[in-house]
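Using the sequences and the accompanying hints, generate a full structural model.
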Amino acid sequence: MSLLGDRQQLAYIASQAADARVNVELETEGMTLNIGPQHPATHGTLRIIARLDGEQVIWAEPSAGYMHRGYEKLTEVRTYPQVTALVNRIDWLGSFANEVPFILAAEKLMGVEAPSRAQHIRTILFELSRIANVSLFLGDLGVQLGAVTPVFFAFRDREYVLNLIEAATGGRFHPNFDRIGGLKEDLPAGFIDETRNVMKKLRTFCDQIEDLLFGNEIFQSRTRGIGVIPKDVALQYGMSGANLRASGVDWDLRRDQSLPMAWNKVDWKVITHPDGDSFARCWVRLQEVRESTRIVDQLLDTIPAGPVMAKVPKIIKVPEGEAWVSTENPLGEMGYYVVSQGDMGPFRVKIRSASFNNISIVPWLLKGVYVPDIITILASLYFILGDIDR
Amino acid sequence: MNAAVLSADLAYWAQSLLRVLGGLVAVLLPAGTIVYLFLFKMMSFMQSRLGPMEAGPYGSMQLFAEVGKWLQKEDIYPARADKFLFKIAPLIVLASTFLLVAVVPFGPDAWFTDFEAGVFYMLAVSSVSVLGILIAGWSSANKYSLLGGLRAAGQLIAYELPMVLAVVGVVIQAGTMNMQGIVVAQNAGSMFGWDGLGNPYVLTQFVGFVIFMIAVQAELTQTPFDMPIAESELVSGYMTEYSGFRFLIFFIGEFATAGVFSMIASVLFLGGWAVPFSWFGWTNLNDIDNWMNVAGPLILFTKMVVLSFIIMWVRFSFPRFREDQLQRFAWKVLIPVSLVNIMLTAIFKVAF
Amino acid sequence: MAKPKVPGLFKGLGVTFGTLMRTATEGSNTIQYPHEKETPPVRARGVIALHEGNCTSCMLCARSCPDWCIYIEGHKELAPPRRAGGSPRKVNKLDRFDIDYALCMYCGICVEVCPFDALFWSPEYEYSEPRIADLLHDKSKLGEWMETVPEAPELEAGADKKGKK
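Chains as they are written, first to last, in full-length UniProt numbering: chain R, 1 to 390; chain D, 1 to 352; chain L, 1 to 165.
Just so you know, these hints were derived from the structure itself, not from any lab. Note that beta-carbon positions come from the ideal geometry of N, C-alpha and C, so glycine has one too. Check the hints yourself; a few may be wrong.
Among the chain R residues that face chain D by a calculated CB cut under 10 Å, a handful are [said to hold, decoys possible]:
(1) T45
(2) I218
(3) I315
(4) P372
Subject to a maximum C-alpha distance of 30 Å in a straight line, what follows is the list of computed DSSO-like cross-link-like pairs (lysine-lysine) [to be verified]:
(5) R/K314 <-> R/K269
(6) D/K69 <-> D/K143
(7) D/K69 <-> R/K367
(8) L/K93 <-> R/K314
(9) D/K332 <-> L/K11
(10) D/K349 <-> R/K367
(11) R/K314 <-> L/K11
(12) L/K11 <-> R/K200
(13) L/K93 <-> L/K76
(14) D/K69 <-> L/K37
(15) D/K349 <-> D/K303
(16) L/K11 <-> D/K303
(17) R/K314 <-> L/K76
(18) R/K200 <-> L/K37
(19) R/K201 <-> L/K37
(20) R/K73 <-> R/K108
(21) L/K141 <-> R/K201
(22) R/K201 <-> R/K108
(23) R/K314 <-> L/K139
(24) D/K332 <-> D/K349
(25) R/K269 <-> L/K37
(26) L/K37 <-> L/K141
(27) D/K69 <-> D/K83
Residues of chain D placed beyond 12 Å of chain R at every Cβ, according to the derived structure [what the hints assert, rightly or not]:
(28) L147
(29) M191
(30) W194
Here it is in structure tokens:
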């Protein structure tokens, strides 16, 4: 709220007071448009209140919370396996990635490290969920901008990844596969060869999207120079993930942190782009999908043999303590702060989800842009409502 | 001159009835074909899926199922909408389609009206739909619709000009504004002395053809020029508040207009209902045999399908322009190019 | 905005046209659901089946369900002694074992924690009902699902133990 001037604060209070009838004009300047919770463009129930002057935005504010499910309260009365099952549903497109930091935090408290085969398979599934998540982004990008075909290609190729995840874990969207100490069970036979095929198909998909969407001059004129986020502003607002890398910041938690996962065992590069505009964000994500397919291929070549579960007691009671683990999730940096009091379930879990911090930049970013550009910018920032609202 | 099919001994009311039925067929048949072939099937095939398959063999009855569904919906309108304007807006849009089809020739003797200034009438009447769209956007009492309607007004008026200027080149080459005359000029003429293909203006006026097709894409508010509809922002733009029968009119109108504009484009550029006269040894309109009155509409239909395929193909492949980019494209690129095109056509016409 | 360069736009048109041709000649990536059905993988979590003979109503599954959707009622009975001349032993007899699939999250914790191998996953997924109350599957219905439970798949090379729990 300190980002708004005095006049705007009054206007905000006034518009909140007339919340039930947002489209009643209390001021004569500008038209208040409610890009409401039900809208084809926002990825879920996000509400953006915008004051427009013709087609230009004078002032915009996101109003999240329509999908708040009370995760942090739910976790207070559940055990660790139950919380793992729930936590899948925060970022529901790349759901294995949500389980990993939580399990890593619990393992940190217990002082247990998963065997190397489990770490490897965890990393493979993590990257598969990144691919599933971001390939949907690539398709959805087309729809926001008016191209209706890429989204079908995205769903088609994402099906292959989801079938892989289902073959291994039993669930397409909500694997619930990570356990304290390792994984629930081992991979089924044929998984490695099938995954290699799927990675090839995904690389073809990336090429198709590049031809159909990124190479298209109309797309480029819609996204280049739109929604530029300079480096220091991005860091100030706590952005993370591809948004940050697209502003030129070389920041990737997979490389910078030493977590018990297998990223440091394979050869890959961090992709950045100096521009910081919408095109940069989209392009960085496209390249990240390609890079992920290469990571998965390398990991598949080097899976060590061995058990997938460390020696942990049947009934797990995590000792007292506090731990914070964050990972480079598909949407950005996701972290869990787990406070344990020696029980079968956590005492308190604080979930730091990437999209909540990513959309904090929206009021600053949307000043002075046109209405169609609002959609482009929101599409390129890429948030999932479950991630914002938890 | 009456159509040979409607010979002089039919009563006037019978002729009028046939004309009305013919008009309905001429508008609705292309609409239905385009909706099924391109919207349902081609779009689906381009997206690796099959499209509707349940209603009828290969989903051919899907359009009738949709029509039935829309017809049985409740006739609602927003409480604060301007009722009279809200109700007539879709009718105005559809009326412009029927007015347009009146001037398209379907065969040597099969036409509805034969104006001397057919091209002029056609360009004037195509602007009537702008009015309908603006009224729809305003009377819906919805900010999204208003945004859509205003965008539509700006866009459609801006793209009228390239359309007109592109057609001017055709008129210069044909030497007449009569649509039937343009068809004859194309098929009876010759390109640089060779008359194997007649003189289809798509080849000699290629730049004009491209500009006309781009302008048609914009007039139909199809992607990449569909800012007024802009589904992901405005949820349908000026059509948001319409449901049931009124939406059906907009829907049919959109595809009927696409069909009619394709027919006009094929008349102006592809040679219309005829094949090059040299193939049959005809030299002018009176030589043509009567079977051409039946074959003519079929040939025109085929050409229309080809051009609609291009329109729809572009629609399903590209993202949309932003409003100001759209306007810049029209005013700074298309109009100068079409003016240059007219100049060159005039020069070549005089020189050769 | 400058006049668009031709190649980028045409490449896009080429991609859609190529897909059109491919779908027309080789078929689409979709299946027409009611007429053809895909088989889900072996481990797919479709429905939970109950092997009543193994269940001792220890309540572990009901306690570990995140949604508390398993309802178990049982009573203790005297069963005949194992060897002649011994004393009768107390066994748990299952009265009621319901899983409410309207609440079930399909997380699989109940199947995993059962120490007696009484619950199994089956890939069967076509059991939707017009009434929500019918989604409460009782003991006998859960027993019927046992027929659809597949064999556990072979594990990948390098796995430690053969066969899943």
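Mind listing which of the numbered hints don't hold for this structure, in increasing order?
Violated: hints 1, 3, 5, 7, 10, 11, 21, 22, 25, 28.
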